[in-house]
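If you're matching them up, the sequences are chains A and B in order. Per the numbering used here, the first sequence starts with residue 1, numbered consecutively. Per the numbering used here, the second sequence starts with residue 1, numbered consecutively.
Hints in this document: simulated from the structure, not taken from any laboratory. Misleading hints may appear alongside valid ones.
Example chain B residues on the side facing chain A (calculated, C-beta under 8 Å, incomplete) [unchecked claim]:
| no. | residue |
| --- | --- |
| 1 | F8 |
| 2 | L10 |
| 3 | L17 |
| 4 | I61 |
| 5 | G64 |
| 6 | P86 |
| 7 | P114 |
| 8 | A116 |
| 9 | S138 |
| 10 | V139 |
| 11 | Y142 |
| 12 | A164 |
Positions of the beta carbon are idealized from the N, C-alpha and C atoms, including for glycine.
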Amino acid sequence: MIPLSWYLALAGGLFCLGVYGVLARRNAVAILMGIELMLNAVNINLVAFWRYVTPAQIAGQAFAIMVFAVAASEAAVGLALIISVYRRRTTVVAEEIDLLKW
Amino acid sequence: MEPLKLIFLLAGAVTLLSALMVVTTRKLVHAALWLVLTLAGVSVLFVLLNAAFLAIVQVVIYIGAIAILIIFAVMLTRGSMDDTGPQTNRRWWLAGLIAVGLFAGILLLVVSEPAASAGVPAEAPGDSLRQLGLALVSVDGYVLPFELASVLLLAALIGAIFVARPPDAASEGGEE
Chain A
1 MIPLSWYLAL
11 AGGLFCLGVY
21 GVLARRNAVA
31 ILMGIELMLN
41 AVNINLVAFW
51 RYVTPAQIAG
61 QAFAIMVFAV
71 AASEAAVGLA
81 LIISVYRRRT
91 TVVAEEIDLL
101 KW
Chain B
1 MEPLKLIFLL
11 AGAVTLLSAL
21 MVVTTRKLVH
31 AALWLVLTLA
41 GVSVLFVLLN
51 AAFLAIVQVV
61 IYIGAIAILI
71 IFAVMLTRGS
81 MDDTGPQTNR
91 RWWLAGLIAV
101 GLFAGILLLV
111 VSEPAASAGV
121 PAEAPGDSLR
131 QLGLALVSVD
141 GYVLPFELAS
151 VLLLAALIGA
161 IFVARPPDAA
171 SEGGEE
């Protein structure tokens with residue numbers, strides 16, 4: 001069988017790629033894609049721990065479903081904000097959206 | 001090598017490579033399509049973990065809804081950012097350093113934890129889907145987080161409609 005550490009290492013790699021995407025990308029939509037990658041890494045971890053550590057309880061899968069709902073909410077609100085900003089300022093570059101900077 | 005390990009390695013390699021393409025491709029539409037491949041790889045991993053229901057949910061919600069939403073947003077905001085311009089900010093090397101350092105830290109933790117290398121998983125419960133359904137609606141289980149997630153999703157969707165209104169319609173609504 002596949003060791004648990006393989007899943008953890010894979011999820012760690014996926015999470016770090018998401019972190020790089022969020023920190024380095026200039027386009028706001030690309031930053032949201034990085035957040036989706038990180039949420040997916042968390043879901044892999046939740047399901048892997050459910051399968052390997054507590055298969056009798058269902059908590060890991062139940063919380064993975066919560067993460068799905070939160071991810072859908074985050075994508076809807078984030079993309080609505082980006083489209084709204086694009087309508088008013090015709091830009092999606094994160095560093096040019098500085099409305100809240102003194 | 002066992003076939004399961006081979007499938008895991010293949011799915012993991014596809015997932016990580018396409019995730020790398022998501023964060024490095026210049027064209028945003030291509031990045032969104034690579035994101036779809038990443039999400040499909042994650043759903044294969046869910047199947048390997050005996051969570052078939054979550055694999056279906058992954059395909060329906062992530063690939064069917066969120067990825068399509070992202071592709072729509074990319075196409076609605078095209079032209080503002082040329083595909084030829086720089087796609088990363090000035091301190092992208094610092095971001096890369098942070099990501100690599102974080103990965104090294106996680107790997108160190110995973111390797112140093114003896115429980116993580118325990119290979120043989122406990123026996124899978126017989127009917128995990130039925131168990132999951134009962135847990136999501138029973139008072140002893142997760143009915144409160146489940147309802148909270150539903151209300152959060154509803155509020156987020158109504159808020160998204162409100163935020164994404166055209167600016168003119170907003171001022172008209174305010175006048176009357």
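Cross-check of the supplied hints:
1. Given hint, B:F8 at the interface with chain A, holds; its Cβ is 5 Å from that chain's nearest Cβ, closer than 8 Å.
2. Checking B:L10 against chain A: minimum C-beta separation of about 12 Å lies over 8 Å; hint violated.
3. Given the 8 Å rule on beta carbons, the hint for B:L17 is violated: about 10 Å separates it from the nearest Cβ of chain A.
4. About 5 Å separates the beta-carbon of B:I61 from the nearest beta-carbon of chain A, less than 8 Å, and the hint is met.
5. Residue-level restraint check for B:G64 is violated (minimum Cβ-Cβ distance to chain A is 11 Å; threshold 8 Å).
6. A distance limit of 8 Å between C-beta atoms decides the matter here; for B:P86 the minimum to chain A is near 7 Å, and the interface restraint holds.
7. Hint on B:P114 is violated. Least Cβ distance to chain A is approximately 10 Å, over the 8 Å limit.
8. Satisfaction of the interface hint for B:A116 is found here, the shortest Cβ-Cβ separation to chain A being roughly 4 Å, below the 8 Å cut-off.
9. This hint is violated: B:S138 has a C-beta 10 Å from the nearest C-beta of chain A, more than the 8 Å allowed.
10. Residue-level restraint check for B:V139 is violated (minimum Cβ-Cβ distance to chain A is 14 Å; threshold 8 Å).
11. Taken as an interface hint, B:Y142 checks out: its beta carbon lies about 5 Å from the nearest beta carbon of chain A, inside 8 Å.
12. The closest approach between the C-beta of B:A164 and any C-beta of chain A is roughly 4 Å, which is under the 8 Å cut-off, so the hint is satisfied.
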